[in-house]
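**Student:** Chains as they are written, first to last, in our numbering: chain A, 1 to 104; chain B, 1 to 91.
Hints were generated in silico from the structure; no laboratory data involved. Where a beta carbon is used, it is the ideal one built from N, C-alpha and C, also for glycine. Don't take every hint at face value.
[Claimed, not checked] Below, a list of computed lysine-lysine pairs in the DSS-like style, where the Cα atoms sit at most 25 Å apart:
no.: 1; chain 1: A; residue 1: K53; chain 2: B; residue 2: K72
no.: 2; chain 1: B; residue 1: K58; chain 2: A; residue 2: K87
no.: 3; chain 1: B; residue 1: K7; chain 2: A; residue 2: K53
no.: 4; chain 1: B; residue 1: K7; chain 2: A; residue 2: K49
no.: 5; chain 1: A; residue 1: K53; chain 2: B; residue 2: K34
no.: 6; chain 1: A; residue 1: K49; chain 2: B; residue 2: K54
no.: 7; chain 1: B; residue 1: K34; chain 2: B; residue 2: K72
[As the list claims (entries may be wrong)] So these bits of chain A aren't anywhere near chain B, every CB distance computed over 10 Å:
no.: 8; residue: S3
no.: 9; residue: P8
no.: 10; residue: D9
no.: 11; residue: A21
no.: 12; residue: V25
no.: 13; residue: L46
no.: 14; residue: K49
no.: 15; residue: T67
no.: 16; residue: S78
no.: 17; residue: N79
no.: 18; residue: K81
no.: 19; residue: K87
no.: 20; residue: R88
The residues making up each chain are set out below.
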Amino acid sequence: MLSLERIPDQIGHLVLTEDGAVLTVSGGELENDERFANIIIGLVTLTNKIDPKAFPNNEAFDKISITYPDHCYIICLSNKKIHIVKKRLLSLTSATVEQPLIDV
Amino acid sequence: MEKNLEKTLDDINNTEGIIGCILADHAGLCLGAKGNASTDSAGIIAAIADQVTKLEPKSPPPVISLQNDSRKCLIQRQGAVVGAIYKDISM
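Full structure from sequences and hints, please.
**Tutor:** Below, the structure written as structure tokens:
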């Protein structure tokens, strides 16, 4: 099995079953985070039926991402499991702010 | 007052790759919908935005992206309004 730990810039990972049980695969900032797991299960349940007009044929979503300015969560549904990775993001705004500091 | 809202929705909907857009208020009631978006989904979009806010209540509202093989749905809360944009990514 491909290790979630090897993903570049990951700072936490978690694998859940569809009923919300945390599997033994968890680490980093998300290690055994049950509060987080419960929120994600609620979110995945909500996304099951979003808009029948725009998303016909019951095509379920298999990838969800939640993007904050400096980090993001990527949620993938595969093989009846929910894989979650928290990644650090290099934001463009912080890069431009840092630029003058280097010159000084 | 709704003119600005209607114009914004029209502008979004006329952008390439976008197949629909919808705005909902804090209670999940539909403020407007354009293109291939049904007004019924306003509630669920607001509920998704609320659910994600629970992850990090102190952080600014994140962009939520839901994706399958051909379509993408982007959701973000901006103050009391939640907006969703539907995109076709199969092209």
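**Student:** Of the numbered hints stated previously, which ones are contradicted by the structure, given in increasing order?
**Tutor:** Hint check: 4, 13, 14 and 15 fail, others pass.
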